[in-house]
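> Sequence:
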Amino acid sequence: MAKTIDQQIADAEARLARLREKSRKKETRHKIIVGAIVLSEASKDAKIAAWLLKQIDAKVTRDVDKTDIAPIVDDLRKVAASQNHQVAPVEAAHE
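Residue 24 in UniProt numbering is what sits at position 24 of the sequence shown, and the numbering runs on without skipping anything.
Among the clues, some could well be false.
What the hints assert, rightly or not - Straight line, CA to CA, 27 Å or less: simulated DSS-like cross-link-like pairs of lysine-lysine: (1) Lys78 - Lys31; (2) Lys66 - Lys31; (3) Lys78 - Lys59; (4) Lys44 - Lys66; (5) Lys54 - Lys44; (6) Lys78 - Lys66; (7) Lys47 - Lys59; (8) Lys66 - Lys47.
As the list claims (entries may be wrong) - Across the chosen pairs, the derived CB separations fall in these ranges: (9) Lys78 - Ile37: 15 to 21 Å; (10) Ala12 - Ile33: 27 to 33 Å; (11) Glu27 - Ile69: 18 to 24 Å; (12) Lys59 - Ala2: 50 to 56 Å; (13) Lys3 - Thr67: 48 to 54 Å; (14) Gln83 - Lys26: 35 to 41 Å; (15) Asp68 - Ile5: 43 to 49 Å; (16) Lys54 - Ser23: 28 to 34 Å.
It should be emphasised that the hints constitute simulated quantities derived from the structure, not laboratory data. Just so you know, these numbers come straight off a predicted model, no measurement behind them. Cβ atoms here follow ideal geometry from the backbone N, Cα and C, with glycine treated the same way.
Construct the entire structure; sequences and hints are all you get.
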């Protein structure tokens, strides 16, 4: 039996939803990979660490996010301080 127009529309919408989800997952994976590269390089280079700390300070605004990344920020501070780069404090929320 042939599918009705409504069934065909529902199938197309379900396929579109699956494709959107696949695209979102791929984009998230890209961000994870690039983020890992940046963190890896920042852990070895004081200049990159200082730059990343400035970016974090400017762009991470939610207290919960600041708390979540506090250990990373602490590690970056140590690297940045190793070559006396000026690093502004990133305030972390303590809960």
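> Would you pick out the hints that fail for this structure and give their numbers low to high?
Hints that this structure does not satisfy do not exist here, as all of them hold.
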